[in-house]
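Trainee: The residues making up each chain are set out below.
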Amino acid sequence: MTDAVPPRVSTGRRRVAAVALRHAAVLRRSPNRYFEIAVLPAVDTLLYASIATYMSASSGGTRTVLTVVTGMVFWHVIHQAQIAVSTGFFEEVYSRQLPSLFATPLRPVEWILGTALQGMVRIVVGVAAVACTATFAYGFDLTGAGAGLVPVFVLLLLTGWSFALVVVGLVLRFGSGTEALTWGMLSLILPLSGALYPIDVLPGFIQPVSRLLPTTYTFDAARAVAAGGPTPWGALGGAALATLALMATAVVFATLALRRFQRRGFISRYQ
Amino acid sequence: MNAEGYVLRVTGLRKSYRGKPAVNGVDLRVAPGERVALVGPNGAGKTTTLMSCLGGVRPDAGTVELLGQRSPAARRAALADVGFAAGYLPLPPHLRVIEYLSVFGRLYGWSRPAGQARRGLETYGIEHLADRIGTELSSGQRTLVGIVKATMHRPALLVLDEPTASLDPDVALRVRTGLIAQCDRDGTALLVTSHNMAEVECLAHRVVFLAAGRVVADGAPMAIAASLGQSSLEDVYLQLSSTTPAVSAANSGTGV
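Quick note, the sequences are listed as chains A and B, same order. Position in the first sequence (from 1) plus 14 gives the number in the numbering used here. Position in the second sequence (from 1) plus 31 gives the number in the numbering used here.
To be clear, the hints were calculated from the coordinates, so they are not data collected in a lab. Even glycine gets a Cβ: it sits at the ideal position worked out from N, Cα and C. Some hints could be false.
[Stated by the list, open to error] Computed footprint of chain B on chain A, listed as stretches where at least three residues anywhere in the stretch have a Cβ under 8 Å from a Cβ of chain B:
1. 19-27
2. 50-64
3. 107-113
4. 268-281
[Said to hold, decoys possible] Each pair of labels, with its calculated beta carbon distance range:
5. A:V139 / B:R163: 42 to 50 Å
6. B:R150 / A:L61: 51 to 59 Å
7. B:S197 / A:Y108: 41 to 49 Å
8. B:I211 / A:V57: 23 to 31 Å
9. A:I65 / B:D91: 53 to 61 Å
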């Protein structure tokens, strides 16, 4: 080493960038991950939109297809946002980087922002795959819905990150055996939220559970916007409140799980 | 540094796991530029003590002051000037060595850390590894990269957990020489754990022996050996391990 050492100032922005670049390199060197980011969403869209097309053929309407395609596009916002942060955490666990990261000025919130920022790549690719499939295979142009889709997108993004925090908290609390929830948790939320249909079609005893989920209201608003109606600001406001409540709960849960993780001294043994 | 001039001051540290004490009232002080070795048998509480100092483990009782900052409340303010590496930790897959070092360079505060990372690699004679993926390296090479990560930002305190455990003797010697040179040049304090008593004698100004979570000896290596009527730290280690009741019980399989 030479004597001249460049000055350094550890700022939150640099630490967030460090985490984002670290996980971007992982994504860049893992071409297999593009299968789940781009191919599976396109296949999902083909599958569900084709079923919807078949089912609606007898009624002669396209509303069902629109509902399903809208649901698929927005579902993948939640899905990719959640997976990016959750799998980023597993990447640190499996490669045993937690002790090294704890010994730096990095804050947990900066780590989450870094992985979430890098996860935007996944979201863009995944949603583009769904939107392109919907456009070229079924002739649906969702961009025609305009600016009303922006708040829907933001709420779903926050929802995805919230579920990711819940998964991270569960893994910190109960160990890596619970990692299956990374994929499994959203499989529970998808039908209960009415992402692909109004929740009125769910069995009556399940509907009260659906009404507790912020995603139910966000998907309601998404369908209204995609159908070309006026932006349902009232419904979006309710969805925003419910989403913020979910996020606050997830943050508290993950924070408590992290403290317990530190109290139990898992840091050097966890893998 | 705190008001008394220590880069690390630990007082009355206690930590139990499931009711069993791992660290039981440890006091530890490291002055600027001082090289301190924390030694003891497996299960003595070395790693728990180190992790408590760095904030990865929350102690049940006691205080930790790192560069004058009380942990856990203000530890992150100090951690930009602390380096940490452990011989048992791998490098992440998918990252080239230079990328890995750049991640930590950014965490420590550089906006363009690659140049400093390369200089760090040169210091330990492994600049040819810069573009290799971490998982392609031997365990010794990984350990060296970990040490570069911990030292490239020239920290005020360097914390190393068994840094030479997987190294060949010649590489271990190179690491010791590099560490001593860096500590002397930059005034870096070193807190290191090791099971290699010959290495400890060479590296440390002061040795803190832990057994069953307690400090059982603290002093200059040869002074400790002389006070216990031994000729080397190796003999001191064996004596303390066999005469500390809790350690003897643990080593004989009866538990603490």
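Trainee: Starting from the hint list further up, note which numbers the structure goes against and sort them upward.
Mentor: Result: hints 2, 5, 7, 8 break, sorted rising.
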